[in-house]
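> Going down the list, the sequences are from chains A, C and U. Anchor point for the first sequence: position 114 equals 114 in my numbering, and the numbering is continuous, going up by one each time. Take any residue in the second sequence, count from 1 to its spot, add 1000: that is its number in my numbering. Take any residue in the third sequence, count from 1 to its spot, add 2000: that is its number in my numbering.
Read the hints as simulated data drawn from the structure, not as lab findings. Treat the hints loosely; a few may be bogus.
[Stated by the list, open to error] Simulated pairs of lysine-lysine, DSS-like, Cα-Cα distance not exceeding 30 Å:
{"id": "1", "chain 1": "A", "residue 1": "Lys-38", "chain 2": "A", "residue 2": "Lys-168"}
{"id": "2", "chain 1": "A", "residue 1": "Lys-62", "chain 2": "A", "residue 2": "Lys-38"}
{"id": "3", "chain 1": "U", "residue 1": "Lys-2114", "chain 2": "C", "residue 2": "Lys-1419"}
{"id": "4", "chain 1": "A", "residue 1": "Lys-46", "chain 2": "A", "residue 2": "Lys-62"}
{"id": "5", "chain 1": "U", "residue 1": "Lys-2088", "chain 2": "C", "residue 2": "Lys-1340"}
{"id": "6", "chain 1": "U", "residue 1": "Lys-2115", "chain 2": "C", "residue 2": "Lys-1419"}
{"id": "7", "chain 1": "U", "residue 1": "Lys-2115", "chain 2": "C", "residue 2": "Lys-1340"}
{"id": "8", "chain 1": "A", "residue 1": "Lys-62", "chain 2": "A", "residue 2": "Lys-168"}
{"id": "9", "chain 1": "C", "residue 1": "Lys-1519", "chain 2": "C", "residue 2": "Lys-1552"}
{"id": "10", "chain 1": "A", "residue 1": "Lys-152", "chain 2": "A", "residue 2": "Lys-168"}
{"id": "11", "chain 1": "A", "residue 1": "Lys-38", "chain 2": "C", "residue 2": "Lys-1379"}
{"id": "12", "chain 1": "C", "residue 1": "Lys-1379", "chain 2": "U", "residue 2": "Lys-2088"}
{"id": "13", "chain 1": "A", "residue 1": "Lys-168", "chain 2": "C", "residue 2": "Lys-1379"}
{"id": "14", "chain 1": "U", "residue 1": "Lys-2114", "chain 2": "A", "residue 2": "Lys-38"}
{"id": "15", "chain 1": "A", "residue 1": "Lys-152", "chain 2": "A", "residue 2": "Lys-38"}
{"id": "16", "chain 1": "U", "residue 1": "Lys-2114", "chain 2": "A", "residue 2": "Lys-152"}
{"id": "17", "chain 1": "A", "residue 1": "Lys-62", "chain 2": "A", "residue 2": "Lys-152"}
{"id": "18", "chain 1": "C", "residue 1": "Lys-1379", "chain 2": "A", "residue 2": "Lys-152"}
{"id": "19", "chain 1": "A", "residue 1": "Lys-106", "chain 2": "A", "residue 2": "Lys-152"}
{"id": "20", "chain 1": "A", "residue 1": "Lys-46", "chain 2": "A", "residue 2": "Lys-106"}
{"id": "21", "chain 1": "C", "residue 1": "Lys-1419", "chain 2": "C", "residue 2": "Lys-1519"}
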Amino acid sequence: MNRTVLVVGVAITLALFAILFVGLGRDPAAIRSPLVGKPAPPFALKAVGTGQTIDLASLRGKPAIINFWATWCVPCYQEHPVLVENARMLPGVQFVGVVFNDTEDKINAFLRERGSSYPTLLDEQGKTAIAYGVGGVPETYFLNRDGVIVAKFAGPMSTEILQSNLAKAMQ
Amino acid sequence: MTAALGRFLILASVFVSAAGSIVAFAAGKKHSPEGLMFARRFAYAFAALMVVATGVMEYALLRHDFSVGYVAHVGSREVPTWVTIVSLWSSLEGSILFWGLVLGLYIAGATWLTRNQYVDYMPFAIGTWLACATFFSYLIAAPANPFLTVPAQPDGPGPNPLLQNHLLMIIHPPFLYLGYVGMTIPFGLACAALMRGRLGHAFLRPLRASLLLPWIFLTIAIMLGGWWAYEVLGWGGYWAWDPVENASLLPWLTATAALHSAIVMERRGVLKGWTVTLVQGSFLLTILGTFMTRSGVFNSVHSFTQSSIGPTILVFLTATLLFSVVLLALRINTLEAEGKLESPVSREGMFLVNNLLFVLLTFTVLIGTVFPLAVEAFKGRQMSVGRPYFDSMVVPVGTALLFLIGVGPALPWGRVTRKQAIRSLLMPLASGTVVALIGYIAGARNPWTILTLLFGGYAAWVTVVEMSRGGTRVLRRGRRRFGGYVVHAGAVIVLVSIAVSSTMRTSTEVRLTRGQAAKIGPYTVTFLAAEERTEPHRQSTVARFAVTSNGKPVTTLEPRMNFYPTMREPIGTPDVHSTITRDLYLSIMNIDPNSQTVSVMMLITPMVSWIWIAVFLMGVGGLIALIPARSVVILSEAKDLRMPSSLATGDPSLRSG
Amino acid sequence: MILLLLTVALNAPPQGTPLSGPALEQRTYEVASLLRCPVCQGMSVADSPSTVALDMKQQVRELLARGYTQEQILAYFEQSYGQFVLLKPRNRLIWILPILILVAGAIVVVTTAKKLSQPSTTDDRQPTTDAYISRVRELVDK
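All chains, full assembly: derive it from the sequences and hints.
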């Protein structure tokens, strides 16, 4: 019995098995945001339609939902009504949409067609999106009243998802 | 009906392979020739079942029988017939069935070719093969069953459109499977040697041949994958160290190492246990590779979504790993060294260094691929290991290997005196220096590239000298050696081309409006128009460019941006103009048909076509080496030797056994 | 205004020299090659045509033009995206492991080469110096 072979071989087998086994439980595309638990990055962007500048500081005091989207994003179409509806139902929560790499005309047309119940900001070169670590659209950040990001959700949301994440911001 | 027939055939193959495996191992243990005969019949039966099952699936696909699960998943009345035939391997369940088919054909072939020989080894080999076959049949029967019956539907979605738009995507999977699955055969032979407790000289022949054939396929398959990525993905490169790409490379590395250590084993009778370990490793890496591709655990362009097939493959991988380790531990010491090395500084010694480098590469690529997974599993942090890491690690080792391709064959076999060594090593230096100088004059400044050119020129000289030893006779006798050097020639060209094409490319990104032109290298590229085209499965915006050189028209290139309804981001398709010296590559970054502006990346990559051609040359070299020499009777190779009178003394060591 | 906020986010003034022209393009490509495109599967920001990647590349260009160093730029993106976005791993273990394997392997190779060059001690056949018999033994072996 060759001890070296046995020990080395079994060690490699167990290590590989352990790593791959744990790997089976997770989704490799789900990237966790390092900003969760940290203060949200500041921004100051112009709202489409009104032209007013809205900055992060103005959101303090109430829980906030910042939703990054774009008119060229197909899943955003599904999500939009959910956001509009929830924004109406929950006046105690600030809803803000941020659109990047898009034009005001397209955004205005989209909102005219599908409704809007909260400000939509234009992030022309995506700098705010990058500061927030946005990879794709739609991605949504949930802030508590002190401006700390408590949750991030990537992908189109349903009402359940929105409300369960919002619950964390309300605490 | 068809689905039920398919399920029956698969279930039958599970039982046939399991029973055959048991019969084979029993025959081996009892040294029973009848048992071996039965085992071989089981092997043929398994192969036949797989062939018929595949036939049934193709029939269902061609008849658009949407009551069969897999056909409902990938079939479509709208696609051309050849797409339908090829969709057998376009999606997970069908591809596992394809794996089973290839495995069946390999096992049948190997069983037939060894039908009258190696009777002490073959029961164990067939037993091992059929045990693997049992697992794959089980995979087809349970987690990845393509023959499930589903409610009938009028039409299907067709295979993934990304897989339909290029010829390379059609031939890459079959070559890959022929390479991957083929590693099962030498694995069985290696296990047989361990179980039997010896690895005789004559057994080397089937072991090497059964390793070389899949190696050839795998070499070509890896190249096809890189070429496809280059032509289709749009970033201008051909290798991104993606986990699935690495999965195809890992068994190739260990198989190449094994092919080399087998040469030392044949010449000197040493390194038996090590060669056997490498052969087992090559097979195990194919199982790891298929796990990496299909389990959904790794972040990759090729990933399938997670399904129950992942855990099943992991169980098989762990079981075969443990089996191989235990078998090795118990029996490796019985594979006696029957000879020795004359001196460490010799060609044999260089083979050892070769193996060291290949194994180092294997570990490095494996660690790089698996590390992020390990860190996330044990520390909860997400990290990436990308091209910068792999390139930093692999480039020096690759350069060292190129050095060996030159220095190794330059050294003589066996005992080498200092004077001999220096003389053999110094001569090719002239060639190396010339090539490096040419490169420098042509603009090469990267130190690794210049080193690669120096070693490459050196190795080219040595390889050509070795190839021309023996004149034209060499194609009739000495094919193995000659073929090996053809492979080396190809490898030298590949390594030099990779160095040149990665470090000497020119790239520029420009924004053009209609009618505007930009210059890159010798070419003038004029943007003609942006057009929108609608196809059944996608919407594309095409940018048309006219390419001229010195005023003379060269070609029109049409890179595209494709919008698929199911994808979040558009996917670009580049267009390439390839010549023997360089490629002109255009890829769209941004396109607006309304304003007729396009933001395009233009690349000139020198020598990239040489990579595809040279890898093909490596495959040809392998084929030359594979053609068997005539030796029906064992001692026919000795017919040149004259028999001395000492043989009449009845030397007992001449008893066969 | 946005530039001011960026400086605040970067927590430091630029520590390198501002770049421009072809040198800027070259460095943009190099730094962008070290950043992972967050949406694509494993592609670098330099190679990816996706929207976010293009934005990130532009940001890299601007930061380089203002004189920020590679380290500062990478740290900035790491803040927002996590270590995931760095294609060159920071972890020291992964860089050391291959070197350890090389050293261990080299030791094994040297010891094996030496061991295999010693005359063999166990050989149950009668040793022979006759070249013919050695050759026949080799051939007869099964």
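> Take the hints in turn and mark each one as holding or not.
These are the hints, each one checked on the structure:
no.: 1; hint: A:Lys-38 x A:Lys-168; in the structure: 14 Å, holds
no.: 2; hint: A:Lys-62 x A:Lys-38; in the structure: 17 Å, holds
no.: 3; hint: U:Lys-2114 x C:Lys-1419; in the structure: 21 Å, holds
no.: 4; hint: A:Lys-46 x A:Lys-62; in the structure: 21 Å, holds
no.: 5; hint: U:Lys-2088 x C:Lys-1340; in the structure: 44 Å, violated
no.: 6; hint: U:Lys-2115 x C:Lys-1419; in the structure: 24 Å, holds
no.: 7; hint: U:Lys-2115 x C:Lys-1340; in the structure: 9 Å, holds
no.: 8; hint: A:Lys-62 x A:Lys-168; in the structure: 13 Å, holds
no.: 9; hint: C:Lys-1519 x C:Lys-1552; in the structure: 14 Å, holds
no.: 10; hint: A:Lys-152 x A:Lys-168; in the structure: 11 Å, holds
no.: 11; hint: A:Lys-38 x C:Lys-1379; in the structure: 20 Å, holds
no.: 12; hint: C:Lys-1379 x U:Lys-2088; in the structure: 19 Å, holds
no.: 13; hint: A:Lys-168 x C:Lys-1379; in the structure: 25 Å, holds
no.: 14; hint: U:Lys-2114 x A:Lys-38; in the structure: 60 Å, violated
no.: 15; hint: A:Lys-152 x A:Lys-38; in the structure: 12 Å, holds
no.: 16; hint: U:Lys-2114 x A:Lys-152; in the structure: 60 Å, violated
no.: 17; hint: A:Lys-62 x A:Lys-152; in the structure: 17 Å, holds
no.: 18; hint: C:Lys-1379 x A:Lys-152; in the structure: 21 Å, holds
no.: 19; hint: A:Lys-106 x A:Lys-152; in the structure: 26 Å, holds
no.: 20; hint: A:Lys-46 x A:Lys-106; in the structure: 15 Å, holds
no.: 21; hint: C:Lys-1419 x C:Lys-1519; in the structure: 55 Å, violated
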